[in-house]
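Protein sequence lines, in the order shown, are assigned to chains R and Z.
Residues 46 to 302 in the working numbering are what the first sequence spells out, letter by letter.
Residues 13 to 341 in the working numbering are what the second sequence spells out, letter by letter.
These are calculated hints, taken from the structure and not from any lab test.
Keep in mind that the hints are not guaranteed to be accurate.
Take a look, some chain Z residues computed to stay more than 10 Å from chain R by CB distance [to be verified]:
#	residue
1	Val44
2	Thr45
3	Gly118
4	Leu129
5	Pro178
6	Val232
7	Ala310
The list that follows gives simulated cross-link-like pairs (lysine to any residue, SDA-like), each with its CA atoms no further than 25 Å apart [to be verified]:
#	chain 1	residue 1	chain 2	residue 2
8	Z	Lys14	R	Ala174
9	R	Lys157	R	Pro135
10	R	Lys117	R	Thr101
11	Z	Lys14	R	Glu178
12	R	Lys157	Z	His149
13	Z	Lys14	R	Ala132
14	R	Lys117	Z	Gly147
15	R	Lys157	R	Asp172
16	R	Lys292	R	Ala174
17	R	Lys157	Z	Arg221
18	Z	Lys14	R	Asp160
19	R	Lys117	Z	Leu17
20	R	Lys117	Z	Arg221
21	Z	Lys14	R	Asp162
22	Z	Lys14	R	Lys117
23	R	Lys117	Z	His149
24	R	Lys117	Z	Arg242
25	Z	Lys14	R	Val159
26	R	Lys157	Z	Leu17
27	Z	Lys14	R	Pro135
28	R	Lys157	Z	Arg239
29	Z	Lys14	R	Gln155
30	R	Lys117	Z	Phe15
31	R	Lys157	Z	Lys14
Using N, Cα and C, we set each Cβ at its ideal position, and we do this for glycine too.
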Amino acid sequence: MTSLNVENLHVSLGGREIVQGVSFAASGGEFIGLIGPNGSGKTTLLRALLGLIPSTGSISLNNVDLRTMAAKHRALNMSYVAQERDATWPLSVETVVSLGRTPHIAPMQQLKAVDRDAVETAMREADVAAMRERPITELSGGERSRVLIARALAQASSVMLADEPTSALDPAHQIRVTEIFSGLAANGRLVLMTCHDLSLAARFCTRLLLLSNGRLEADGPARQVLTAENLQRVYGVQAFFGEDEDKLVVVPRRAIG
Amino acid sequence: MKFGLLVGLLVGLVAVLFCVSLGVGPAGLDPVTAFLGLIGIGNRAAELVMQEIRLPRALLAILVGATLGLSGAVLQGYLRNPLADPGVLGIGASASLGAVLAIYTGLAALFPLALPLAAIGGALIAVSALLLLAGRHATPLMLILAGIAISSLATAFTSLALNLSPNPFAALEIVFWMLGSLTDRSMLHVWLSAPFIVLGCVLLFSLGRSLDALSLGPDVAASMGIRPDRVRLVAVLGTTSAVGAATAVSGTIGFVGLVVPHLLRPLVGSQPSRLLPVSALGGAAAVQAADIAVRVIAPGRDLKLGVLTAIVGAPFFLWLILEQRRRLV
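With the rest of the complex left out, here is chain Z:
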């Protein structure tokens, strides 16, 4: 498939899903009322629902999805491993820990922005530890090992917070938050996360050509003028900024960052630089679709987005593996 056509189709898909997402919700607004509410004319209730509830949710789905797809594609390219995903550096787990601590200490109840701010703080601490642990001349392997160590530590502290939680409600709140969701987010969440996500995505997009060169191995890439230390730094900082901010507003949403690049790779001739924009779009479409599905499948039950992506993503991933194996033999 022509690259331009593929990008065009994905942009169209994201746009359609965005509109569908704006039209779905328990308020049951008809499309005309919904549209009038969105642009701020018509009745006050519809305006409130559209601008304060549905719009931030749909926008966040795009931001979070694009982050997951893009960072997954970059990390798979940089680590030269199709199994890498945004969780591999431990950034998501550390952001989660920050958020969990905000809930645990009651800060999140005091003022709502404490939670995403604490999550971003967690991501920043994690990236500092990562760069320190892995050192200046770290190989991808050392980066993965440091990421696993940080991820395990963050998960352990999260468990400790659950273990010591003062009351079952706090524990339940922590667990529910960790499942990953975009329900009841406000425009404040969008404004808080968007700058970090945009900055992170710009950094990650700038790596396209370096990732292409790296597919021939680090030595050959370096002989073509690619600077490995710079690529590593940009990849780590870009992932931290985007994934940290995305996790801060949505919790953990699994499998998108792993499956989306995997699925789209054959359509771009496996070229890492071309995989970046299509994975960002594909991720946005996937999260948007999943966020629509949780509202359609179980309205009123608050099915968590992260639960759905894992339940659909894991078997899908299995199918992909089987498909690949069949092509090999």
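Here chain R stands alone, though its shape is the one from the complex:
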């Protein structure tokens, strides 16, 4: 089973320490919500896990040091949905999703049947198959997000890191996208998703990590992490707490301090 071990991770960018000694262990089947205020280091943590920026401390995947892993091998194990929805050229949706197969195909080779199947499945799961011919630059923000999520799904890796995949989505697609990630976890993958919608995270994630100023403030199930005390201290908000279908509902009501 997939296991990700992070120990005492530090990341400095431009002389500022953004991530300060984060440690956690996670395994396949978990759907982890990475929450915390703006600037708390969520994106930086994800980028460090992907090896996009230098970091110190240890990161290992299935007991192999991620930093010694070849780029292509790492790509077969980890996929990424970035917060920025960059798309330079008006590529068709299908072409963009096919890019997810990049680490799977040998140099100078074309997509094989198995790759095409993965692309089709990913497009269906993210509900973008109907717009396969359309250029990505002409899609709405929400549609574009779903296409980029489909791209990451097509990569078919055991770990999925998604940076605010639900922002800019309408409520139905927020739920649908989160359900896709939830389904990946149910099938034994490890999903790490940053999110600002606390109720959505509480409803779907099996575990929450609360970051504040680069440190891990809380780690556990939603009810343990989303306490009135934590929200006040970390987010500076007072919130309404409720219940819905046995799940915690959190609605921030006013900013304090």
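Use these hints to put chain Z onto chain R, whose structure you have.
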């Protein structure tokens, strides 16, 4: 349009233009004599004209054009900017400076290969400076800035050479060389430039898949196993080798590297990897056509190839921009 069909059409176009180019010239050979001369039977004069004058010229048009189109497509893809062209890294300007110095010092008059060799030397110095200036983890922006700095410096030294040129003939020779032309090149020029151009083009072609991935941004590309430092190095070295060698034999030929990828991009669904082969072919066709045009429009006046590509290319580029704007609103 189907990709295979497009490639086929462009190959056909390049082949036709190649044959036309072999058939055009002040010697006024009829097609049969020209063909017999080319394959080395028939009269000696025709053989000389075909093998020593027209063949190298037509071959160089393909090599130089393919280089400009391909490197333009790669740099636009790598820098993720449709306005990038082979000049953006300062390689062409530095190669020019090398050539100008060869003319200025009189080396070029001593032995003919001094000029292209000096140009390639200029390109090599430029690429070393570029990699040093931009550093190991350079972003595309830093690469562009370093390229502008190098380009400006090379242009300044070229101006200095003109400024201090010992006599007006040397200055005129420098200016004429810089205008860009394929007139009176020999097979020696082909043999000298072809290895560098082929090597550079192979490097540039190998980047197709990385450029596709980069269209989703550097982070996502890296998460798919693309190594940004490797892509940058291959792009810079490939451009240096091909553009340096092409500039060495032809001088500066503008707008082809900018306009050709731009024109062909919609025909390949904007996919950078598919744009590479069609831009190479399109560039070869464009330079070949322009080199035929300079001979047809003003025979005997030695209209410079670089002048024609700029005069046709710039308004064409304007039209493209207007066309795009109309599609947007």
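To see whether the hints hold, each was checked on the structure:
1. Val44: holds (43 Å)
2. Thr45: holds (44 Å)
3. Gly118: holds (48 Å)
4. Leu129: Answer for Leu129 (chain Z): holds, closest chain R Cβ roughly 34 Å.
5. Pro178: holds (49 Å)
6. Val232: About 5 Å separates Val232 (chain Z) from the closest Cβ of chain R, which leaves it inside 10 Å; violated.
7. Ala310: With a cut-off of 10 Å, Ala310 (chain Z) remains clear of chain R, as the shortest Cβ separation is near 39 Å.
8. Z:Lys14 <-> R:Ala174: With Cα atoms ~21 Å apart, Lys14 (chain Z) and Ala174 (chain R) stay inside 25 Å; holds.
9. R:Lys157 <-> R:Pro135: Holds - the C-alpha atoms of Pro135 (chain R) and Lys157 (chain R) are around 24 Å apart, at most 25 Å.
10. R:Lys117 <-> R:Thr101: Measuring from Cα to Cα gives roughly 21 Å; hence the hint holds.
11. Z:Lys14 <-> R:Glu178: holds (14 Å)
12. R:Lys157 <-> Z:His149: This hinted pair is violated, its Cα atoms lying about 34 Å apart.
13. Z:Lys14 <-> R:Ala132: Measuring from Cα to Cα gives roughly 23 Å; hence the hint holds.
14. R:Lys117 <-> Z:Gly147: The given pair, whose Cα atoms are some 24 Å apart, holds under the 25 Å limit.
15. R:Lys157 <-> R:Asp172: holds (22 Å)
16. R:Lys292 <-> R:Ala174: violated (32 Å)
17. R:Lys157 <-> Z:Arg221: Holds. Lys157 (chain R) to Arg221 (chain Z) sits at ~15 Å (cutoff 25 Å).
18. Z:Lys14 <-> R:Asp160: Satisfied, since the Cα-Cα distance of roughly 21 Å is no more than 25 Å.
19. R:Lys117 <-> Z:Leu17: violated (33 Å)
20. R:Lys117 <-> Z:Arg221: The given pair, whose Cα atoms are some 13 Å apart, holds under the 25 Å limit.
21. Z:Lys14 <-> R:Asp162: Roughly 22 Å separates the two Cα atoms, so the pair holds.
22. Z:Lys14 <-> R:Lys117: Roughly 31 Å separates the two Cα atoms, so the pair is violated.
23. R:Lys117 <-> Z:His149: holds (19 Å)
24. R:Lys117 <-> Z:Arg242: Since the Cα atoms of Lys117 (chain R) and Arg242 (chain Z) sit roughly 13 Å apart, the hinted pair holds (cutoff 25 Å).
25. Z:Lys14 <-> R:Val159: holds (23 Å)
26. R:Lys157 <-> Z:Leu17: holds (22 Å)
27. Z:Lys14 <-> R:Pro135: holds (17 Å)
28. R:Lys157 <-> Z:Arg239: Satisfied, since the Cα-Cα distance of roughly 23 Å is no more than 25 Å.
29. Z:Lys14 <-> R:Gln155: holds (16 Å)
30. R:Lys117 <-> Z:Phe15: Measuring from Cα to Cα gives roughly 28 Å; hence the hint is violated.
31. R:Lys157 <-> Z:Lys14: Given that 25 Å is the threshold and the Cα spacing comes to 19 Å, the pair holds.
When each numbered hint is compared with the structure, violations occur for hints 6, 12, 16, 19, 22, 30.
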